[in-house]
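There are 2 protein chains.
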Amino acid sequence: MISEIQKIPNLESIKKTHHRIKPYIHKTPVLHNRALNEMTDSRIFLKCENFQKVGAFKIRGATNAVLLLNEAESGTGVVTHSSGNHAAALAYAAGIKNIPAYIVMPGNAPQVKINAVKNYRGIITFCEPTLEARESTADRIIEETGAIFVHPYNDYRIIAGQATAARELLLEIPDLDIILAPVGGGGLMSGTALSAKYMKPGIKVYGCEPENADDAYRSFKSHTLIPSQNPVTIADGLKTSLGSKTFQLISNYVDDILLLSETEIIEAMRFILERMKIIIEPSSAVVIAAVMFNKINVSNKKVGVIISGGNVDFEIYFAALKKQAVK
Amino acid sequence: MISEIQKIPNLESIKKTHHRIKPYIHKTPVLHNRALNEMTDSRIFLKCENFQKVGAFKIRGATNAVLLLNEAESGTGVVTHSSGNHAAALAYAAGIKNIPAYIVMPGNAPQVKINAVKNYRGIITFCEPTLEARESTADRIIEETGAIFVHPYNDYRIIAGQATAARELLLEIPDLDIILAPVGGGGLMSGTALSAKYMKPGIKVYGCEPENADDAYRSFKSHTLIPSQNPVTIADGLKTSLGSKTFQLISNYVDDILLLSETEIIEAMRFILERMKIIIEPSSAVVIAAVMFNKINVSNKKVGVIISGGNVDFEIYFAALKKQAVK
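Here the protein sequences line up with chains A and B, keeping their order.
Heads up: take any position in the first sequence, counting from 1, add 113, and you land on this note's numbering.
Heads up: take any position in the second sequence, counting from 1, add 113, and you land on this note's numbering.
I should point out that these hints are in silico values taken from the structure, not numbers from a laboratory.
Hints are supplied without guarantee of correctness; some may be wrong.
As the list makes no split between identical chains, a pair holds if one copy fits it or if it spans any two.
Only pairs whose alpha carbons sit at most 25 Å apart, straight line, appear in this in silico DSS-like list of lysine-lysine [stated by the list, open to error]:
hint	residue 1	residue 2
1	K358	K310
2	K435	K352
3	K210	K313
4	K166	K436
5	K166	K415
6	K414	K358
7	K435	K226
8	K408	K140
9	K408	K435
10	K334	K352
11	K231	K414
12	K352	K408
13	K166	K313
14	K120	K408
15	K140	K210
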């Protein structure tokens, strides 16, 4: 028997995934904004995963992966290396089954991310801030504990989970013409493309990526997996490069990859914060920037955008506010 | 006949006001948050006027005042002096009737506030940043144009409008034990108290105010109207002092005034931004701070809080983000 871990998710398995994880996730709202619609001459629907548990879509995939573990696998717990939202998401998911989640984090991870993992009782092991150190530390934990490794994106269980965000959006707004999602490691992008093309074959699917971390763009155009080398972008969730599985799915199911400059990303984030009064992280602002700055023609179209998360470090802002208060 | 402008709003007139302004305002959502409930051992319901048009409750009162003008009054337009949300709200409201809105603003008003007024086609006259200059400039405009002055809070038409926020909240969650609102000039506070006590006589109503701008507290306790002298607080919407009408209503209908430190206000704002991913302004964070820092006993109670607005100046944050992007 081929297990879920070895198969590209089909419509049926995404449906089952949705049913499986539903009790443990929020059905996030779909919002819209008049000023954004007027500016783009279209109707934009924001699937707000910034309001998801743990503040990001990551919980969908992590929960699916944990719930798919059999009893023998569950006993030993799960392990991952991540400095981002996947770490907290996996810790949350492990909590559902009351099994240990071993999280390998670089010693220089932001305190807010460390706190999020601790909050869900993840067992943190700190390591040097290199991919090599992360991987060898995770390997050592696997050897010592027998825990199951859950990759943040290059895993069909994760991809099937992330696919449920676009699924919910299309169940609510079935007649979308276009759907956009950000591309980092490609888990959300792959899942979005699968759900969209399964549920509405004629729909156009675009990935949005920072110019400064354009591995998906270069890989997509050259039909060759080309990882980024230490990219620098404010969209910190999109620094990751595609994996083998997500590269294959994006090549097959995504219509094009759009690139956004750092300035465009910041402008889009600012627009949403100031006009909609909701917080989206820079990694989500790329999709808003794509429609705001006409990277594709959306005129008179119904456009779905996946807002991936809302975990923003406002340390600078609050430090300034405190200084102002003391004055 | 006594007109709306001369009468303390009763239940019937608040109902009529609600009916009158409904087509022109948003019915804002009532949100809750598990972490906030757990932390306070209560159930907190946030009436989110940060999602209101113009980003604040101010539109309710301004719209009511403009819609109540008779034909003769309408012809000459409206005038106010304000560096805040009331200016944009009045410009918006005047737009409904397509009449001029003359807005007197200090020359040093933040660009974002100036833009908001311009966006709604308010006619701006700049003046020196003193109350005297504002008032004399407004007086000159009234003389020249015959425009009707609309005070930001010391006006029963405004108070009746602001009362509709608490009314909507209580229509949605009728069994609240306690309701809290911020106190600046007292328009929102007066309206909240009237709606609450009319609709649920046993309810407790508290005003929340910065320690650094405690005129309502001192006035309430001493039964004498004592304005603040140039208060300094990050809750810039609450620097205003009570007026004669709002002082009278707050004295009669509010159970107590709670004071919050600058640090408490900042902590509460940060909690809401980080946990709920929504933007509330410091002037709204005072009510969250009141429950977070146990200024009253809310244990096992259902508590309504009026989130007055979401207009935050994130200039510092975005400047830092741009610098980081360029690096």
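- Query: What hints, given by number in increasing order, does this structure fail?
  - Reply: 3, 4, 6, 8, 11, 13 and 14
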